[in-house]
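Asks: Letter by letter, the chains look like this.
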Amino acid sequence: MTDLRVLTDAFAELERRADAAKTSVELEPARRSRPMPRLVPIAATVAVVAGLGAGAMWLVPGDNAAPQVGSQSTSTVPTATAPAGAPVTPEELSERFQRVLGDTATFETTGPGTGVIEIPDGPDGAQIVGTLTVAGVTGGFDLAVFPAPRLPGDIECECTPTTLPDGSLLITGDSTIGSDDITRSVRLHRADGVQFVMLLSNESSPKGNGEKLAEQPPLTVDQMVAIVTSDQW
Amino acid sequence: MEFAEYVVRQRPALMRFATVLTCQTWLADDLVSDVLGRVYERWDRISGMAQPNAYVRRMVLNEYLSWRRRLARTAPRAEVEPDAAGYGDGADERAERDEMIRRLAELPKKQRAAVVLRYYAGMPDTEIATHLGCRVTTVRSQISRALATLRIDMTARAYQETT
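Order-wise, the sequence lines are chains W and X.
Okay, so the first sequence: first residue is 1 according to the numbering used here, each after it adds one.
Okay, so the second sequence: first residue is 234 according to the numbering used here, each after it adds one.
Simulated from the structure, these hints should not be mistaken for lab results.
In this text, a Cβ means the ideal position worked out from N, Cα and C, and glycines have one as well.
A portion of the hints provided could be inaccurate.
[What the hints assert, rightly or not] Distance ranges between label pairs, derived from CB positions:
#1 D277(X) with G173(W): 34 to 44 Å
#2 A20(W) with E329(X): 16 to 26 Å
#3 E235(X) with A191(W): 44 to 54 Å
[As the list claims (entries may be wrong)] Quick partial rundown of chain X residues pointing at chain W, CB under 8 Å, derived from the structure:
#4 M248
#5 R249
#6 W259
#7 R330
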């Protein structure tokens, strides 16, 4: 048995974590005078079956399997030399996501949560929510891509961000909401000011809201990193 | 007050409240963002209230309860990472605190909300009952069960019942 002091300590520790966690949609200080971005829900149920593009990336479920870059078809997959800005509609995001996945995965956006991330006085972003299937393994995912310029040193979290060669910051991790669910998260703050947040679960929703679909999420963290850092966006 | 100013001033406190409720910073971030999105749409009305922050905080609570209501299972686990050294307490205290967070995260939603509202937000039980939509006696029984799960011995420390 213990006393209330420990509960108070627990609250204080959770507060510290809250202070350390930068919001995923926080803007740089110069833009904080503007209203917060907001997600505009739309009733979108868009089934997207990847398969138009040649294999840009081969995704094989497995604990440690890294994505394998397959042969690329220049006829359908553009050669991206400079990263594009954030998509401004969920349809555009779906299209780009499909391009990145190539023919190795299928996904279906089901919402709610799929919609535009409105950033007043600035370019919008987009989010799609649904299920992703790789080699017969399905899991729920959230993918948000939006403009969120940052200043050097602006990233704080209970983790160690990895600085990529191009200056982007990458934050990854696993978390659990329920008893046996697994949610993998990848957050990329690209050097050009576009932020990617991808969550993937073995349940139908990364927020733990749904049935268990598989023992493991359909992608490893490394595979998710390969997706968000792809030059096909 | 402009909405942007409100967000700058109050978001950190809302994030703290949401994190204490959810025990997960990324869930708290989602929750607060969702709520602020709705606040933004109704800011003309909310900003005219006597206590807009109390209203928004209640929206956060309701959103949390709503999320959890949608969950089939109600045994969320906390994100408990190994601590970096140097928070000023010893290893035993940190372990005890992290275990408390773990147990807190495993409480059923209403029990956790009741505990947070009483011991974190400092609300009297009557107000907690209003927030949770139940009777005061129910609040007290929820808290009593929660304290048992949390293994908190109220006789181990002077305790002032809030009413």
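Asks: Next, verify each hint and record whether it holds.
Replies: Okay, the hints, checked on the actual structure:
{"no.": "1", "hint": "D277(X) with G173(W): 34 to 44 Å", "in the structure": "holds (39 Å)"}
{"no.": "2", "hint": "A20(W) with E329(X): 16 to 26 Å", "in the structure": "holds (21 Å)"}
{"no.": "3", "hint": "E235(X) with A191(W): 44 to 54 Å", "in the structure": "violated (31 Å)"}
{"no.": "4", "hint": "M248", "in the structure": "holds (4 Å)"}
{"no.": "5", "hint": "R249", "in the structure": "holds (4 Å)"}
{"no.": "6", "hint": "W259", "in the structure": "holds (7 Å)"}
{"no.": "7", "hint": "R330", "in the structure": "holds (4 Å)"}
In the structure shown, a violation is registered for the earlier hint numbered 3 alone.
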